[in-house]
Amino acid sequence: MLTMINLNLPANDICAVILIISGLFFFFTSTLGLLRFPDLYSRMHATGKGDTLAVLLITSGAIIHHGLNLNSAKLSLIALFIFIANPTATHAIGRAAYRCGIKPWLRNCKTTDSGEPQK
Amino acid sequence: MLTKVYENLIVQTVCRIMVPFIQVYALYVIAHGHYSPGGGFQGGVILTASLALIFLAFGQGAVLGRITRRMSIILCGFGVFIYAGIGLLCLLLGGNFLDYSQLAPILGVSIPRARSLGILGVEVGVGLAVMAAMYSIILDIAGSPAPGIDQLTPESKK
Amino acid sequence: MNTFFLFVDLFLGFLVLGCLYRVVLGPTTIDRMIAVSAIGTKTLVILILIGFIFGRVEMFVDICTVYALLNFLGTLAATKYFEEKGKC
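Residue numbers (the working numbering), protein chains in the order written: chain G, 1 to 119; chain Y, 1001 to 1158; chain U, 2001 to 2088.
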């Protein structure tokens, strides 16, 4: 399989590969944060920011790979929509969690029985 | 529970920006039904999605102020009227039901072009009807009832 | 280039499985909502790259726009049910 890798790619393909791999890195770290963070609010941080940036990078890579075309314009519209909508959805979720009464996690505090931090 | 409106400024601003663009995209989906995934039904549902966005962000009063219950019933009937009207027009001009080639002398174009325009008109009618029907379904499921319609006894006598 | 897109898609598929763990196991309901939104975003990217593999970019880009809209609306509609205290 490794002998099939052909590195004589045109310039825009190399740029697209670099962008897509960096987008994949951000997807990986945001999923890792979703699985490993201790609290709801920190998981929301990881997903909201990491996923949005990763989608932006991958769609930029796809646009550069495809060239300047009508489809590239539509892809940039998708990227703009995700850029506006994903943080708004994350904010709505966070506000709902706050109103629901979920308290954030504090690292070095012992909590009393009712969940409030104890000095 | 959906009658309480916690005024969320960020969601309201974003919805205000995005609703016109979603509606323009819905018209694009209706018009490009023969070439890409889309058509009347899908475009109608996306139109309803824009109204649902207003409903989520601003509450039931705002969306009812734009399209009332009465208006949604009229729009539904109007959509079906366009669809059946085009079909009946083809019938009256001497062909079968929805035989768009009979429309060519009226519009003054060639026969394949008349078929294309006939399909476009039918899709617009279907999109309108689907939008109105889905909108009234959303209001029935997730809204509070209209005063006086669904209640056996008025509010004051309970 | 097609092989590269295929491997990227497979890797993203495994990340979706990772998010599924949080959907099943999240202590609160809001955890599950966050994870479902993340799965929707990853599905969007997978669809775009599959469009490049098949060669029909126009069709898949239209589908992706609608799916992004649906994801956003679903999340907003689901959060509206959690505005009362103690409901999750």
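Mixed in with the good hints, there may be bad ones.
Here are the simulated DSS-like cross-link-like pairs (lysine-lysine), alpha carbons at most 25 Å apart as the crow flies [claimed, not checked]:
| # | chain 1 | residue 1 | chain 2 | residue 2 |
| --- | --- | --- | --- | --- |
| 1 | U | 2080 | G | 103 |
| 2 | G | 74 | U | 2080 |
| 3 | G | 49 | G | 103 |
| 4 | G | 74 | G | 103 |
Just so you know, these hints were derived from the structure itself, not from any lab.
Model, not experiment: these values are computed from the prediction.
Results of checking the hints against the structure:
1. For the hint linking residue 2080 of chain U to residue 103 of chain G, the alpha-carbon distance of about 19 Å falls within 25 Å, and the restraint holds.
2. The suggested pairing of residue 74 of chain G with residue 2080 of chain U is violated, with an alpha-carbon distance near 31 Å, which exceeds 25 Å.
3. Distance hint between residue 49 of chain G and residue 103 of chain G is fulfilled; the C-alpha atoms sit about 21 Å from each other, no more than 25 Å.
4. With a C-alpha separation of about 41 Å, the suggested pair residue 74 of chain G and residue 103 of chain G falls outside the 25 Å cut-off, and the hint is violated.
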